[in-house]
Amino acid sequence: MTDTDDLSPFKDRVFKRSLYFFFFLLFLLLILTVISLGSGHLSLSPGDIWQTVTGSGTEAHQLLLFQFRLPRIILAVLVGIGMATAGALFQGVTQNGLADPGIIGIHTGSGFFVVLFLYLVSLSQDQPPWWANIGLPFVAFVGGITAAILIYVLAWKEGVTPIRLVLVGIGINAGFSAAILLVQLRMSESDFNRAIIWLSGSIWNASWATVLRLLPWILLFVPLALYKARILSVMQLGEEMAVGLGTAVEKERIKLLIIGVALSAASVSVAGGVAFVGLVAPHLARRLVGGKFQRMIPVSAVIGAILIVLSDSIARTVLAPSEIPVGLIVSVIGAPYFIYLLITIKE
Amino acid sequence: MKKLVVSTLSLTLFLAACNGENTVDESENDTTEDTVTEENKETTDSESRVLTDGAGQDVDIPENPEAIIASYLEDYLLALDVIPAAQWSISDGEGVQYYLQDDLGDVPTIPYDLPYEAVMEFEPDFIMIRDQPEQDMIDQYNLIAPTYVLNASPTDWRETMREVGTVLDLEDESETVIEDYDARAQETASLVEEQADGESAAAIWMIDTSLFVVHPERSSGAVLYGDAGFEIPAVVDQLSDDADWAAVSLEEVAEMEVDHLFLISDDEESSLTEDRLWQNIPAVQNEAVYTFDSQSAWLYYGPIANEQVLDFIDGSLQ
Chain A
40 MTDTDDLSPF
50 KDRVFKRSLY
60 FFFFLLFLLL
70 ILTVISLGSG
80 HLSLSPGDIW
90 QTVTGSGTEA
100 HQLLLFQFRL
110 PRIILAVLVG
120 IGMATAGALF
130 QGVTQNGLAD
140 PGIIGIHTGS
150 GFFVVLFLYL
160 VSLSQDQPPW
170 WANIGLPFVA
180 FVGGITAAIL
190 IYVLAWKEGV
200 TPIRLVLVGI
210 GINAGFSAAI
220 LLVQLRMSES
230 DFNRAIIWLS
240 GSIWNASWAT
250 VLRLLPWILL
260 FVPLALYKAR
270 ILSVMQLGEE
280 MAVGLGTAVE
290 KERIKLLIIG
300 VALSAASVSV
310 AGGVAFVGLV
320 APHLARRLVG
330 GKFQRMIPVS
340 AVIGAILIVL
350 SDSIARTVLA
360 PSEIPVGLIV
370 SVIGAPYFIY
380 LLITIKE
Chain B
1003 MKKLVVSTLS
1013 LTLFLAACNG
1023 ENTVDESEND
1033 TTEDTVTEEN
1043 KETTDSESRV
1053 LTDGAGQDVD
1063 IPENPEAIIA
1073 SYLEDYLLAL
1083 DVIPAAQWSI
1093 SDGEGVQYYL
1103 QDDLGDVPTI
1113 PYDLPYEAVM
1123 EFEPDFIMIR
1133 DQPEQDMIDQ
1143 YNLIAPTYVL
1153 NASPTDWRET
1163 MREVGTVLDL
1173 EDESETVIED
1183 YDARAQETAS
1193 LVEEQADGES
1203 AAAIWMIDTS
1213 LFVVHPERSS
1223 GAVLYGDAGF
1233 EIPAVVDQLS
1243 DDADWAAVSL
1253 EEVAEMEVDH
1263 LFLISDDEES
1273 SLTEDRLWQN
1283 IPAVQNEAVY
1293 TFDSQSAWLY
1303 YGPIANEQVL
1313 DFIDGSLQ
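Heads up: the protein sequence lines correspond to chains A and B, in order. The first sequence: position 273 = 312 (the numbering used here), numbered continuously. The second sequence: position 5 = 1007 (the numbering used here), numbered continuously.
Isolated chain B (complex conformation) (with noise of 0.2 Å):
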């Protein structure tokens, strides 16, 4: 917590300090350069700040980018009402974040590999990446708008929140969505606390007959524990490698003894329920199996994503 106050203070005086300069400059030119067209101004005022990027790249970020190419941090941008110019999908644009639709419902598709000439389209002044392309490849996307891949991990999105908040200048709003989401998960804490103290979960994924479990750290399993703070079985603890979704048996399932099972699967029937082993499943035999289908914020990152879970945990425990 404190930490948290020191940085924010940080950030704060960092901003000042950043907005101090801008009306120097401003007002500089103003004096020097009477004679300067509207337009030449506008190119003066939005000069651009200079961040290095996860490629190691100084990449000069323009202010106040409008056309913004993020593919599959949406996420991240929504939460900073920011809307991207196209958003990301698979399968020739049939295969969208289909939780987020409400948002993104209008905002045109790209392919998730990002072909250049599909970037060209949107024609956008600012791109940003996570995957780190190969060098070539980012030299191609600069020739477009200036480029800027991620630093912060994958598999932690209040850092990536954090950077895409200084990246796109709004470092106030991005510590506002994470706190605000801190506050949300605190109810869904509370509500744990009072209804489910002391009992395990796990958020299970069912592809026809194989199982997968959430990593404890990672997607809605930092939500499940990290936030709502259902008790680690002791299994998924185990099994916790390098994947967000580890394959586990039914036996290991079984194994987990969990008092409350979310299960991601989009088959009604599945043989697997008609098993021993998962009708002797605590959370079977207390009827607090929840079901949610694929599509739905279990499987992503970001703080919405993360906050549909939380809404999903609460709607489950009532």
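Bound conformation, chain A alone (with noise of 0.2 Å):
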């Protein structure tokens, strides 16, 4: 995991080939894109697109591209961006190849506060205050740094080794999952329902608002992330190398996972608990290019975008004019490269 050659990423071979990859990557989700524009429910022809984006398509086919079919393909892209990012810095961070925020229970920690929130702001007679939406980015974002403190907390025995991380990671999960079933069972019965689809991770109500929502947050954390990715990359060579570097680890540790908790909980407050896209792309990234993050969490970045705009393609075509939550595709896809890895990871 850890190639000891040169730290700059600009010069060498690899970083061409990365590169490369990216470029391809890049190219790739544009397709799916655009296949995803034309798919679903209602048929849309290549040249209906073209002719809808050129300004002479019918009214009908407007509405559909541009306020149905391209929001929630760009939250999508997000999501995956998010999604993916978030994993990639949990991953380097603990130094745990398992430490997907979905899967340690981070997700379910902002979910909880999200579904609390939410019920809260129900018992009230009045009409949700217009923050309400706004907020809860804030909020799961703040569940998620509580389920992460927790994890640390617990998983904390003289430092804190992979598989404990993650088996404290996976009670934490369960304990929050406990806690929304709690809160749910309080709900109304159309609120529990909606919740439920919520949390099972869902994009299929995207609009405008929902991006512009998201958007900020991907803007500000995924650069600050690549700003940070040198420092993460020196963290790989061990604790004691890094401090000899000139790094202080505890510090940028902190600042690092707030960095990741804050993506992956924007991220969940738009889309709920899709799990393993955070496990699954930076995986793939360190394949094709390598295990230095400069260069692993673009690439990863990509990959998670693809992953879930495939994944909601599917979610919205298989059984359509019905949807089935794009949460539980990304887990036909993750649930066994997660088994896979667990069998093959011997520490």
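Warning: the hint list may mix true and false statements.
[Claimed, not checked] Here are a few chain A residues that sit away from chain B, every Cβ distance over 12 Å (derived from the structure):
no., residue
1, Asp51
2, Leu81
3, Ile88
[Claimed, not checked] To be clear about the criterion: a stretch of chain B counts as covered by chain A if any three or more of its residues have a C-beta under 8 Å from a C-beta of chain A, and this derived list gives those stretches:
no., stretch
4, 1114-1122
5, 1137-1149
Just so you know, these hints were derived from the structure itself, not from any lab. Keep in mind the model is a prediction, meaning the values are calculated, not measured. Virtual Cβ for every residue (Gly too), placed ideally from N, Cα, C.
Quick one: dock chain against chain with the hints and give me the complex.
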């Protein structure tokens, strides 16, 4: 996992290869996006899309494309970027290939706070205040941080071993799931159903409003993550070496975790509990471009986006017009990979 | 009764006022805009009314909407002779409201959670929903067609009926539906008085070995006790919390000592009915257990469902 050659990523041949992979994946994402735009319950031919994009399509097609499908695909891309980057950060900071915020309970922590928040808002007879929706990512963030602190405190035993962290995380995950259920049982039937769909991971009610809610978080924290990627790479050399190279390890670790929680929580607040993206995307990225985070994070972000766009296309076409929560599709892909990793990881 | 008369009167007055306004509008249009094309005239004619809905939004209600999506409100629409563009369904169109299929048989199905593209497919010009979804979703539906979220409580079918009537500009018709229903209920009430005066009844829903009893003021419970006039067993009164159908044990059912048992069950045989406790229920001993399948109207709300329940009661007593 740790290659000890020159730390500067911008000169070597591997860099060129990474760049090549990055653009190839970006191209793939673009193609998927176009296919996804055309697929769904109502059919749109490539010709229709072209006409609509150039402004000569019918009003119905414009509505379908620009108000329903486009925001949804953009949201899928953003959620994929957010969750994959968060996963890469978590795996890097904990030096643990299994540390996906979706598996170790960061997502459910966020989810619990969001569900609780929605429940409390629904208790008051008035209309929900205007800031209720904008506040969701913040509420999710507080929940994610709470879960992260809980996991770290409980897993701490003269340091945190990877397996211990995952086991405690899975426990925390179960605990928060139970707490969510407790809140849900107090909800009215319709709220309950909505919470279920939301928690299993769904972006079917995407709109430009949801996109705008998530976008600032991605625009702020993904560049931050990239900026910190070098430090993350240094940290992979081991704590002593990192300190020797002038890194304030504990401080940086906390900063990186906060960035990771922010990205995963903001994604969860709009898309619900989509697990495994934060696990699978960084792993695939590492396979393609190696373990250096300066290269690995961008590639893993694009892979995350591809994963969600692809899963969402499947989610809304297989049983159309009914929809499957996108989180289930991602899990179908991700769970076997997780088990495979559990089997192959030695320590 | 007095209240009803007064409200009907004020409603009629209100309607009359509205009509007056409309005619004024039309004549104005005619004089000032002689050159308007047929199309333009149509749009000015269908100038919409504005009502505040359950989500606190002012909704422009189109006049004479032709393609209405009002999922799970089909009962009320049909009572007003309005055929919706699509009907509620679950499991990919497999599960529908069977008790309405005489009227809804030809109406295509739409998934219960109203995915945007499924809604778009029907090109509705008006959408009515009951469950209050997130504002984001209402905004999206509004892009497709004006969307009205009902104010009325889902457990009060009369209130719902009136609101649906008001929204669709069919107030008089909705009052007629309620009056007709009350008149029809009176027939059953006299039958009950004649055949089972002072006797108690309960509607029990049996799923495998679980039992549920209807809330005395909701769904078919409101019909059974409020309209038909059966006595409410003490146990039912105590159980009634916030569910339409509350879970009960066999012991509690036995404790009810009901004279008439309306059993909603899809199983021919159940181990429960072999139980001594069950055998000792007065209704069982007097052969006053009437079985219906779970697709029948007992589990639903609305004037049509209720009327079918009245028919069931009549049929059972005769």
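Against the structure, the hints come out as follows:
Distance check for A:Asp51 against chain B: the nearest CB is about 47 Å away, which clears 12 Å, and the non-interface claim stands. The beta carbon of A:Leu81 sits about 5 Å from the closest Cβ of chain B, which is not more than 12 Å, so the claim that it is off the interface is violated. Remark: the non-interface label on A:Ile88 is consistent with the geometry, its nearest Cβ contact in chain B lying 15 Å away (cut-off 12 Å). Chain A is given as covering the stretch 1114-1122 of chain B, and this holds because 6 residues of the stretch bring a CB closer than 8 Å to a CB of that chain, at least three being needed.
Requiring three or more residues with a Cβ within less than 8 Å of a Cβ of chain A, the coverage given for the stretch 1137-1149 of chain B holds, as 7 such residues are present.
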